[in-house]
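Engineer: Sequence:
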Amino acid sequence: MKLFLFFAALFALLPAGDDRGYIVKVGEKAPDITITYTDGTTKKLSDFRGKVVMLQFTASWCGVCRKEMPFIERDIWQKHKDHPQFALLGIDLKEDAATTEQFARATKVTYPLTLDPEGDAFYSFAAQGAGVTRNIVIDRTGTIIFMTRLYDPEEFQTLCEVIEKELAKKKGKK
Numbered sequence: 002m003k004l005f006l007f008f009a010a011l012f013a014l015l016p017a018g019d020d021r022g023y024i025v026k027v028g029e030k031a032p033d034i035t036i037t038y039t040d041g042t043t044k045k046l047s048d049f050r051g052k053v054v055m056l057q058f059t060a061s062w063c064g065v066c067r068k069e070m071p072f073i074e075r076d077i078w079q080k081h082k083d084h085p086q087f088a089l090l091g092i093d094l095k096e097d098a099a100t101t102e103q104f105a106r107a108t109k110v111t112y113p114l115t116l117d118p119e120g121d122a123f124y125s126f127a128a129q130g131a132g133v134t135r136n137i138v139i140d141r142t143g144t145i146i147f148m149t150r151l152y153d154p155e156e157f158q159t160l161c162e163v164i165e166k167e168l169a170k171k172k173g174k175k
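Be aware that the sequence shown starts at 2, since it is given in this note's numbering, and climbs by one per residue.
Each hint should be verified, as a subset may be incorrect.
DSS-like cross-link-like pairs, simulated, lysine-lysine; straight-line CA separation at most 25 Å [what the hints assert, rightly or not]: (1) LYS68 with LYS30; (2) LYS82 with LYS45; (3) LYS82 with LYS44; (4) LYS166 with LYS30; (5) LYS170 with LYS45; (6) LYS68 with LYS45; (7) LYS170 with LYS80.
What the hints contain is simulated information worked out from the structure, not anything from laboratory work.
Kindly generate the complete structure, drawing on both the sequences and the hints.
Structural biologist: Structure (structure tokens):
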């Protein structure tokens, strides 16, 4: 019985995912993850404060990711890439730089695909064992304002609208 209570107490301390595998919520500050580019340079997510940031968690082996990426390229990146207050970062889960670079070429995306070789960035947002296809929109203050899971055309349209609305706000105004 003591062993059961010990494990029950230990399990209660672990972050529980929501029904879509997230351990973060809309309205919370985004974890200050490290962004690692394929050339080895790094930035912190907090370095992007003042910008609307979209994180796209992906992997080369993920069929749903491959289905969604052309829409992200066309409907989000190509539309907003020159906006000075917008950043889009693809984060490739548990793959090396060569695989990630080949993945970008194969999917014909031109937005930055960055590395998450151990899954540290991903598991700052999602529970262990959660599926990879997900997008997170973070406002200029570092607060999570929208999250998706898998690719659903209606949810993707809402994602696009959330980004549009956020970019239309004047910097520093709610």
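Engineer: Decide, hint by hint, whether the structure agrees.
Structural biologist: The hints, checked one at a time:
1. LYS68 with LYS30: violated (29 Å)
2. LYS82 with LYS45: holds (20 Å)
3. LYS82 with LYS44: Satisfied, since the Cα-Cα distance of roughly 18 Å is no more than 25 Å.
4. LYS166 with LYS30: It holds: about 19 Å lies between the C-alpha atoms, which stays within 25 Å.
5. LYS170 with LYS45: Measuring from Cα to Cα gives roughly 24 Å; hence the hint holds.
6. LYS68 with LYS45: violated (28 Å)
7. LYS170 with LYS80: holds (17 Å)
This entry does not satisfy hints 1 and 6, going by the numbered hints stated previously.
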